[in-house]
Amino acid sequence: MSPKKKTAKTSIRLVKGMKDILPTEQHIWDFVRSRVESVARDYGFMRIDTPIVEFTQLFKKATGEETDIVSKEMYSFVDQSGDRLSLRPEGTPGVIRAYIEHGMLNQPQPVKMFYIGPQFRHDKPQAGRYRQFWQFGFEAVGDADPIVDAQIIAMNYNILRDLGLDIEVQINSIGDKHCRPKYFKALTQYYKNKKKDLCVDCTKRLLKNPLRLLDCKVKGCQELAEEAPQMVDYLCEDCNKHFTTVLEYLDEAEVKYNLNPKIVRGLDYYTRTTWEIVESNQDGKLQALGGGGRYDELVKLLGGRETPAIGFAMGMERIINKIKEKEVVLPEVWRPDVYLAQLGIEARRKSLKLFMDLRQGGLTVSEDFSKNGLKDQLELANKKNARYVLILGQKELVDGTILIRDMESGVQETVDHKKVVKEVHKRLASKMNDKSLKIKTTKKV
RNA sequence: GUGGCUAUGGUGUAGUGGUAACACAGCAGAUUGUGGUUCUGUUAUCGAGGGUUCAAUUCCCUCUAGUCACCCCA
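Just so we're aligned, residue 229 is where the first sequence starts under our numbering, counting upward by one.
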């Protein structure tokens with residue numbers, strides 16, 4: 229056994245929880261990205277790219293030191309200059325840091341931004357869950373009006389619906405710093421004499437984070453949770469008004485939603501409106517594709533002025549899995565107008581320049597100049613779904629002509645080499661006008 | 001982090017205590033100027049390490065990875 233091979237198999241490989249996005253699946257990612265970008269544009273959100281690396285402190289403060297994400301799952305390290313840094317486990321803290329640092333409070337509020345990028349969590353990998361995973365997220369910073377909540381939820385809903393998914397919004401309000409303590413008290417009170425019926429985890433949760441008792445999966449706990457007091461009944465007047473207004477607006481926007489008192493987000497900074505977008509898979513189980521909420525305390529917590537904000541984040545791998553599962557019809561993949569085939573040493577030499585001319589003439593071109601045979605080249609042209617093949621051989625070179633082959637009909641014509649760009653454009657245009665060919669060609673995943 | 005299951009070429013799958021079969025894809029050729037046909041050849045020391053055995057890809061153990069459930073989350 230050669231030691232080389234052994235090395236290749238044991239150490240040069242994908243790190244656990246990481247994933248290559250291969251050329252063959254890029255079209256799905258492009259599809260999602262382009263839809264996200266176009267919806268963002270329609271709703272007036274501008275793209276922001278923040279660094280993957282931030283001070284660890286940022287996430288400790290923003291996401292919460294006690295959360296699993298920060299306490300157990302963060303990729304943290306000390307760099308050469310002694311700074312304590314972390315790979316971002318989520319997008320919001322970086323965006324808010326940028327908002328404060330670049331004085332965006334001087335722009336018209338709310339400042340609406342979105343991001344698309346990788347996030348990192350050292351979690352146990354599972355279906356649709358990686359250690360490096362992609363999220364896209366939207367943040368509207370600087371306005372507390374419930375219409376902002378409704379609009380961003382509607383947008384969230386529309387993005388996923390535009391992607392062809394059958395989804396539903398699960399919504400709740402978790403109050404604010406005024407009313408939540410009262411609710412916690414009531415909740416603790418309710419569970420006080422029921423401790424013996426709770427599972428081991430829940431008895432711990434009772435002390436640490438009573439909200440989490442509500443979404444325990446153990447049957448006995450679930451039954452108790454059904455009867456437990458609900459946050460919505462404990463909302464203070466302001467929070468209650470805010471929430472009911474959001475719901476009214478959502479009705480107005482015809483967004484399908486379900487009230488779900490168990491939507492308690494995992495991050496510490498949320499206040500008031502919280503939601504998740506869920507999709508039911510074959511066995512009727514709901515999987516969250518992402519979630520969001522209002523976070524009116526975060527900007528101040530990170531050292532800015534008191535500034536209300538709201539946002540959401542969606543997991544791209546999960547969305548892409550759903551798209552694959554549902555065989556959503558994607559728009560046509562990139563397709564070359566012409567494929568340049570060459571025969572003979574001289575023709576091959578001339579092809580380089582001709583290729584550039586075709587490109588500059590506004591055509592999408594493809595080639596495999598390393599191939600010699602015309603058969604091979606036609607086969608590849610066919611695989612690449614080229615509309616036309618230009619054939620340049622010794623004969624054409626001498627005559628100053630070139631062959632245009634229509635790959636659908638197989639018809640070939642000889643044209644003047646100098647007029648080739650014009651000739652191709654002419655044929656493409658007439659093809660577009662032909663109604664019988666106007667039917668959109670689409671490709672399933 | 002805990003537990004169950006799995007691991008065969010690039011991909012999807014057969015199979016056996018005596019070193020592997022098929023399909024697709026890839027490459028080369030039949031055909032050095034014609035594709036979406038055909039034919040031929042070629043592409044794996046059966047995840048890694050150890051043990052039992054005359055002999056292990058097959059049985060056992062460990063590790064690694066994947067997967068599912070829990071936890072958590074996107």
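I should point out that these hints are in silico values taken from the structure, not numbers from a laboratory.
Treat the hints with caution; some may be incorrect.
Unchecked claim - Within a straight-line C-alpha distance of at most 25 Å, the following computed BS3-like cross-link-like pairs (lysine-lysine) qualify:
no. : residue 1 : residue 2
1   : K288      : K611
2   : K490      : K581
3   : K289      : K244
4   : K490      : K405
5   : K578      : K659
6   : K410      : K300
7   : K244      : K552
8   : K528      : K469
9   : K611      : K659
10  : K528      : K422
11  : K581      : K603
12  : K581      : K599
13  : K423      : K528
14  : K424      : K490
15  : K469      : K413
16  : K410      : K420
17  : K552      : K578
As the list claims (entries may be wrong) - Here are the simulated distance ranges between beta carbons:
no. : residue 1 : residue 2 : range
18  : Q308      : G601      : 51 to 61 Å
19  : V306      : R241      : 18 to 28 Å
20  : Q360      : T252      : 39 to 49 Å
21  : K611      : E451      : 51 to 61 Å
22  : K611      : S299      : 49 to 59 Å
23  : S262      : K424      : 47 to 57 Å
24  : G331      : D585      : 28 to 38 Å
25  : P279      : L333      : 29 to 39 Å
26  : T592      : R440      : 51 to 61 Å
27  : K484      : V557      : 18 to 28 Å
28  : S262      : D585      : 24 to 34 Å
29  : K244      : K484      : 15 to 25 Å
30  : D466      : T431      : 25 to 35 Å
31  : E636      : H330      : 47 to 57 Å
C-beta: ideal position from N, C-alpha, C; glycine also.
25 Å limit on alpha-carbon distance, applied to hinted pair K552 and K578:
Violated. K552 to K578 sits at ~43 Å, over the 25 Å cutoff.
A range of 51 to 61 Å was offered for this pair. Does it hold for the Cβ distance of T592 and R440?
Given range 51 to 61 Å: holds, Cβ gap about 54 Å.
Check the hint pairing K581 with K599 against an upper bound of 25 Å on the C-alpha distance.
holds (17 Å)
Tell me if the beta carbons of K484 and V557 are separated by a distance inside 18 to 28 Å.
holds (22 Å)
So the hint says 24 to 34 Å: do the beta-carbon atoms of S262 and D585 match that?
With Cβ atoms ~29 Å apart, the hint holds.
Do the alpha carbons of K611 and K659 lie within 25 Å of each other, as the hint requires?
It holds: about 20 Å lies between the C-alpha atoms, which stays within 25 Å.
Starting from K490, check that the Cα of K581 is at most 25 Å away, please.
Outside the cut-off at roughly 64 Å; violated.
Holds or violated: the 49 to 59 Å window for the beta-carbon distance between K611 and S299?
Holds - the Cβ-Cβ distance for K611 and S299, about 51 Å, lies within 49 to 59 Å.
Between the beta carbons of Q360 and T252, is the distance compatible with 39 to 49 Å?
violated (19 Å)
Restraint check for K469 with K413, where alpha carbons must lie at most 25 Å apart
holds (22 Å)
Holds or violated: K528 and K422, Cα atoms, limit 25 Å.
Violated - the C-alpha atoms of K422 and K528 are around 38 Å apart, more than 25 Å.
Check the hint pairing K528 with K469 against an upper bound of 25 Å on the C-alpha distance.
holds (23 Å)
Violated hints, listed in ascending order, are 1, 2, 3, 5, 6, 10, 13, 17, 20, 24, 25 and 29; each of the other numbered hints is respected by the structure.
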